[in-house]
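Asks: Sequence:
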Amino acid sequence: MAIGSHYKEAEELHAAPEPQIVLKLAGDVFEVEIPDEHEFKFPNQESVDVISFIRIGGDFKLTSFKIC
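Okay, so the sequence shown: first residue is -17 according to my numbering, each after it adds one.
By construction, these hints were calculated from the structure, which means they are not laboratory data. Each residue gets a CB set at the ideal place from its N, CA and C atoms; glycine is no exception. There could be a bad hint or two in this list.
Claimed, not checked - Listed next, with one range per pair, are the computed distances between beta-carbon atoms: (1) Leu44 x His20: 17 to 23 Å; (2) Asp10 x Asp41: 28 to 34 Å; (3) Lys48 x Glu19: 15 to 21 Å; (4) Phe24 x Ile49: 15 to 21 Å; (5) Lys43 x Glu13: 18 to 24 Å; (6) Ser34 x Pro(-1): 26 to 32 Å; (7) Gln27 x Glu0: 28 to 34 Å; (8) Ser46 x Glu21: 17 to 23 Å.
What the hints assert, rightly or not - Keeping only pairs whose Cα atoms sit at most 27 Å apart, straight-line, the calculated DSS-like set for lysine-lysine is: (9) Lys23 x Lys6; (10) Lys43 x Lys6; (11) Lys48 x Lys6; (12) Lys23 x Lys43; (13) Lys48 x Lys23.
Take these sequences, add in the hints, and give me the full structure.
Replies: This is the structure we're talking about:
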């Protein structure tokens, strides 16, 4: 290994983009969209019309919230 070659590797590393997760309340289902066009649907068993509470766990941090 040449002197300084490991510095080149460090320069090539880039920070991962912040993930964007979209939550939608669509009548009888909740839709969750994550990066790479993946979408999950969960039944709205309680027939909720308004989301009044969101819980974030793990390594995620909520930095913005948009109501459409």
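Asks: Lys23 and Lys6 were given as a pair; does the straight-line alpha-carbon distance stay at or below 27 Å?
Replies: 9 Å, holds
Asks: Is it true that the CA of Lys23 sits at most 27 Å from the CA of Lys43?
Replies: 22 Å, holds
Asks: Given the range 17 to 23 Å, decide if the beta-carbon distance of Ser46 to Glu21 lies inside it.
Replies: 20 Å, holds
Asks: Given the range 28 to 34 Å, decide if the beta-carbon distance of Asp10 to Asp41 lies inside it.
Replies: 31 Å, holds
Asks: Does 15 to 21 Å hold as the CB distance between Phe24 and Ile49, or does it fail?
Replies: Holds - the Cβ-Cβ distance for Phe24 and Ile49, about 20 Å, lies within 15 to 21 Å.
Asks: For the pair we were handed, Lys48 and Lys23, check the Cα-Cα distance against 27 Å.
Replies: 20 Å, holds
Asks: For the pair Lys48 and Glu19, does the Cβ-Cβ distance stay inside 15 to 21 Å?
Replies: 19 Å, holds
Asks: Per the hint of 17 to 23 Å, is the separation of the Cβ atoms of Leu44 and His20 within bounds?
Replies: Since Leu44 and His20 have Cβ atoms about 20 Å apart, the given range 17 to 23 Å holds.
Asks: Is the hinted range of 28 to 34 Å satisfied by the C-beta distance from Gln27 to Glu0?
Replies: For Gln27 and Glu0 the Cβ distance comes to about 31 Å; the hint holds.
Asks: Regarding Lys43 and Glu13, is the given constraint of 18 to 24 Å on their beta-carbon distance met?
Replies: 22 Å, holds
Asks: Quickly compare the C-alpha distance for Lys48 and Lys6 to 27 Å and report which way the hint goes.
Replies: 11 Å, holds
Asks: Just to be sure I understand the hint, the distance between the Cβ atoms of Ser34 and Pro(-1) should be within 26 to 32 Å; is that true here?
Replies: Hint holds: Cβ distance 30 Å, inside 26 to 32 Å.
Every hint from the earlier list agrees with this structure, and none is contradicted.
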